[in-house]
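> One-letter residues, chain by chain:
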Amino acid sequence: MFDRVTRTFERDGQPVPALAEMSFTVREREFVAIVGPSGCGKTTCMRMAAGLEFPTSGSVTVGGRGVTGPGPERAVVFQQFALFPWKTVYENIEFGLRGKGIARGERAERIARQLELMGLRDYGSAYPHQLSGGMQQRVAIARSYVLDPGVLLMDEPFGALDAQTRVVMQEELVKLSRVNPRTVLFITHSVEEAVYLADRVVVMSPRPGRMREVVDVATVRAAEDWDRHERIEDVMDQQSFVRLRTRIWRLLREQQATATEQP
Amino acid sequence: MHDRLSRRSFIALSALGLGGFFALWALLAASALVPKLFLPSPVAVAERFAELTQQPFVGYTLQQHLLSSFGRFGAGFALAALIGVPLGLAMGWFRWLDGVVSPLFDALRFVAPIAWVPFAALWFGTGIGGPILIIFSGAFPPCVINAYRGAKYVEPRFVEAAQTLGASHWRMITEVLLPASVPSIVAGLRISAGLGWQSLVGAELIVASSGVGYLMVKGQSNISTATVMSGMVAIGIVGFAIDLLLRSLEARIHRKRGR
Chain F
185 MFDRVTRTFE RDGQPVPALA EMSFTVRERE FVAIVGPSGC GKTTCMRMAA GLEFPTSGSV
245 TVGGRGVTGP GPERAVVFQQ FALFPWKTVY ENIEFGLRGK GIARGERAER IARQLELMGL
305 RDYGSAYPHQ LSGGMQQRVA IARSYVLDPG VLLMDEPFGA LDAQTRVVMQ EELVKLSRVN
365 PRTVLFITHS VEEAVYLADR VVVMSPRPGR MREVVDVATV RAAEDWDRHE RIEDVMDQQS
425 FVRLRTRIWR LLREQQATAT EQP
Chain S
26 MHDRLSRRSF IALSALGLGG FFALWALLAA SALVPKLFLP SPVAVAERFA ELTQQPFVGY
86 TLQQHLLSSF GRFGAGFALA ALIGVPLGLA MGWFRWLDGV VSPLFDALRF VAPIAWVPFA
146 ALWFGTGIGG PILIIFSGAF PPCVINAYRG AKYVEPRFVE AAQTLGASHW RMITEVLLPA
206 SVPSIVAGLR ISAGLGWQSL VGAELIVASS GVGYLMVKGQ SNISTATVMS GMVAIGIVGF
266 AIDLLLRSLE ARIHRKRGR
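As given, the protein sequences belong to chains F and S, one line each in that order.
So the first sequence is numbered by the numbering used here: it starts at 185 and just counts up by one.
So the second sequence is numbered by the numbering used here: it starts at 26 and just counts up by one.
So here's chain F without its partners, still in its complex pose (with noise of 0.2 Å):
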């Protein structure tokens, strides 16, 4: 998917490295995690990935081909939702379908489905601005899988929630791709809610960010059968979740100690 892409920012006339040389391959139908401190790129990669932004060089592709704008086959959850104010819940679902050239009829039953499944049944109504931040994230995440996108990118999708609404959400996303599994790239920084949530975990270096390790978790969870417990913190207590979790921020610190020590 990233093949050695390379992006650089000017500011006062000068490059700034953003990203270098970064690859990485996310298969289909699997949940990838990016994680690494702040300004590390990651959400440049998002954003790639999303075609909101370009590499200066190496080449971003999805399904074979190069990325050269944005599209509903590669629907974005923004971290400040960024759902629209002067739409209800129902018509801001709508919108993407709308798009697609979908009748009337089967919009109305496919967004009856995703209200449903996102325990949004009786606010189909309501105007976001009515809604809780965690109300308003399950919009903006069902806004996008309505729209049964090829690729789900989420850019720090429960960063700007409270803890025990994101711990909700982290656990109802776990479900949600459990029975519909998508390809997703899922940005964060939390090393918990990484390892909680994807197959594989890409770990990123900073500035200019580069990629440090991919984790494999998907292996683990598997032999160790993560997934017969229901809530996250049974999860955290396995032995093998804190052996990859004690891993990953290893990995985080190691980099760190080496970034302070350049002059």
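Just so you know, these hints were derived from the structure itself, not from any lab.
Beta carbons are placed, not taken as given, at the ideal position from N, Cα and C, and that holds for glycine.
It cannot be assumed that every hint is accurate.
[To be verified] Computed Cβ-Cβ distance ranges for the label pairs, DEER-style:
| id | chain 1 | residue 1 | chain 2 | residue 2 | range |
| --- | --- | --- | --- | --- | --- |
| 1 | F | 205 | S | 127 | 40 to 46 Å |
| 2 | S | 194 | F | 200 | 28 to 34 Å |
| 3 | S | 120 | F | 430 | 51 to 57 Å |
| 4 | S | 278 | F | 297 | 31 to 37 Å |
| 5 | S | 39 | F | 373 | 50 to 56 Å |
| 6 | S | 133 | F | 288 | 44 to 50 Å |
| 7 | S | 269 | F | 288 | 38 to 44 Å |
| 8 | F | 418 | S | 120 | 53 to 59 Å |
| 9 | F | 309 | S | 278 | 16 to 22 Å |
| 10 | S | 30 | F | 430 | 45 to 51 Å |
| 11 | F | 199 | S | 279 | 39 to 45 Å |
[Unchecked claim] Part of the chain S face toward chain F, derived, beta carbon under 10 Å:
| id | residue |
| --- | --- |
| 12 | 190 |
| 13 | 191 |
| 14 | 192 |
| 15 | 205 |
| 16 | 278 |
[What the hints assert, rightly or not] Non-contacting residues of chain F with respect to chain S, defined by C-beta distances greater than 12 Å in every case (computed):
| id | residue |
| --- | --- |
| 17 | 223 |
| 18 | 236 |
| 19 | 253 |
| 20 | 276 |
| 21 | 352 |
| 22 | 395 |
On the provided structure of chain F, position chain S as indicated by the hints.
Chain S only, in chain F's frame:
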């Protein structure tokens, strides 16, 4: 301090301010400091005001004068909104248009509505076109400027969200850019209505044969200060009513969006 006042005490203070103003006015009129001819008492003005609503003055009653003023205002304001808002939006969305229009617009908007009076008089005489042109010149700039700001500073996250959801150009304009600009547009309309209404009287002082401004000029030439002041009161009341109406529209939009 301001926001610590309860609503009730705020209203009480407002009443105190108004009451104090009228008391001072009455006192000044009653004393012989200013001749009665130039400063009639509040009661005398109120009486004259009532009289003007009953008996025609220079052809019409006060209501008829107001109606004819309001008609001109409506025409000038509507024209300003119909041309100004789309122009401002288009300037915000298309940089080339911004480039073409901006220098001209920035120079012309400093020609105050009253400075258009001689030009309007030359073109239209006392016809209907003159006042409309002058009101238009007052109401137009805020329409353009606010629509422009609204269009230019749409939050990028809305645009990006719409792009990633596959919005066409047309839907981007009608369903994202336009609704996102609405609060700014309405704020502009409110300022615009206020400026238009203010310019109106300036227009009627010179290029009209009816309207509140005309009534005031005639009052002046009859040396009837009470008539002039009645006109001022009428302008104030109607202006306040227009502002109140647009303010409630603004509040409704903000409430719907939860701000």
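> Go through the numbered hints given earlier and state which of them the structure violates, listing their numbers in rising order.
Hints 10, 18, 19, 20 not satisfied by this model.
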